[in-house]
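Undergrad: Protein chains in written order, with full-length UniProt numbering: chain X, 1 to 233; chain C, 1 to 233.
To be clear, the hints were calculated from the coordinates, so they are not data collected in a lab.
Here the structure is a predicted model, which means the values were calculated and not measured.
Treat the hints with care, since some could be wrong.
What the hints assert, rightly or not - Not everything, but these chain X residues come out facing chain C in the computed CB check (under 10 Å):
no., residue
1, Y24
2, R96
3, L103
By construction, the Cβ of each residue, glycine as well, lies at the ideal position given by its N, Cα and C atoms.
Residues per chain, in single letters:
There are 2 protein chains.
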Amino acid sequence: MSKITIWGDLMSQPTRMVVWVCKYNNISYDFNVVKIGLKEQRTPEYLKINPFGMVPAIQDNSNNFHLYESHTICRFLLNKYGDQHNLYSSNDIFQRAKIDEYLDWHHTGLRYTFHHYFHEAYLHPKFNEPIDFPLFDKTSNDIPKVLNQFQSLFLKNGQNQFVAGTNSVTLADFSAFCEISQLKLLKFDYTKYQHIHEWMQRMEKLTGYEDVFKFVIKLSKEEPNYLETIKRP
Amino acid sequence: MSKITIWGDLMSQPTRMVVWVCKYNNISYDFNVVKIGLKEQRTPEYLKINPFGMVPAIQDNSNNFHLYESHTICRFLLNKYGDQHNLYSSNDIFQRAKIDEYLDWHHTGLRYTFHHYFHEAYLHPKFNEPIDFPLFDKTSNDIPKVLNQFQSLFLKNGQNQFVAGTNSVTLADFSAFCEISQLKLLKFDYTKYQHIHEWMQRMEKLTGYEDVFKFVIKLSKEEPNYLETIKRP
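Produce the entire structure from the sequences given, and follow the hints as far as they go.
TA: In structure tokens form, the structure reads like this:
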């Protein structure tokens with residue numbers, strides 16, 4: 001039996017984080033696809049697993065323990081099954097605090113802007129759904145601000161090789177990368193942000209990257225740029 | 001010397017959480033007021049302490065270690081100075097995961113809606129600033145939804161005495177209470193949410209409550225209901 005069962009969709013940034021952390025740490029898992037494009041995360045069956053109707057969610061198969069929220073899931077998995085000194089230090093409380101600091105900032109910093117921008121700039125045009133132009137404009141304006149904050153305050157303009165100032169990758173990098181790389185689907189040019197670009201190249205060499213991102217990479221090559229299809233009323 | 005230095009404003013929900021957790025755990029601190037009403041969190045001096053321009057921030061005085069993000073600060077303080085088995089269990093990884101699950105949900109669940117609603121419904125009318133009516137309407141509509149989620153999914157309609165399903169208070173309760181109680185300034189009637197009301201009464205008996213909330217309690221009695229002053233264009 002696999003150690004855990006994951007419910008999710010590899011098109012979801014937080015799902016990719018959990019799957020990648022499992023692959024990187026050799027934590028065995030079964031994967032149940034919950035297709036967010038078909039709104040399967042809102043079915044009565046899935047709401048029994050995560051009552052908030054969001055992916056990912058997991059079950060720890062040793063005792064039927066259920067959990068959602070990707071950061072929480074990864075912290076738990078490393079505590080229970082991982083090498084704790086690796087992605088989320090258990091013996092250096094200062095280093096752990098700097099990882100937590102990023103993970104907490106992520107929700108209202110990077111995630112909020114990227115999540116809403118991606119919905120308005122990619123998902124709505126792709127599925128011919130109405131675009132919320134005030135939200136599109138606000139988040140579109142905020143993307144450079146957030147990326148500059150990320151680059152100057154977390155990567156310290158290249159002084160830091162990784163987000164939390166560590167010598168090797170941590171949970172903070174997995175979380176940030178899964179969100180930032182989503183804009184590849186909109187052909188976003190990251191070479192404009194040199195230190196982010198170099199950090200992304202480091203991340204893309206990690207075990208599990210190609211497996212977890214293959215669908216995103218494929219779509220980013222094959223799809224049109226949906227941004228260019230947007231017509232204002 | 002105090003163990004830590006805190007920069008913040010007791011009108012800020014996350015500042016109250018950090019101060020309350022210190023008082024509850026007898027962690028000594030010096031407090032530097034950063035008046036958010038005067039936008040002191042955006043001064044060049046303060047931006048050296050927290051470059052994101054938000055309160056609270058702390059310095060651990062044993063080694064000049066700086067940290068922001070209230071949940072991160074509290075996790076760190078309990079790891080370094082607190083009784084770890086108390087508010088954020090270090091020996092029960094399942095319990096710790098349930099505390100983390102709430103703390104992660106908080107950012108995009110409760111905090112997002114309450115933060116924006118409070119700005120539009122209280123701060124802008126109070127200071128005669130323009131109100132963003134679409135945001136006011138959206139968050140106003142979402143308040144009951146979020147409170148019902150909180151009541152049914154975290155308090156399990158009264159089955160849970162505390163947010164993470166524990167027998168005693170945890171970091172999750174401190175975080176949620178500091179945010180939810182902010183609406184007392186708008187005379188919000190919590191008796192409509194019986195289980196939240198009863199949980200709030202339990203929280204208000206904890207060590208440190210009256211000290212940390214005295215300013216909020218005073219204003220909630222003395223001020224008019226700013227909601228009633230709002231005029232739509």
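Undergrad: Next step is simple, just say for each hint if it's right about the structure.
TA: Comparing the hints with the structure gives:
{"no.": "1", "hint": "Y24", "verdict": "violated, 20 Å"}
{"no.": "2", "hint": "R96", "verdict": "holds, 7 Å"}
{"no.": "3", "hint": "L103", "verdict": "holds, 8 Å"}
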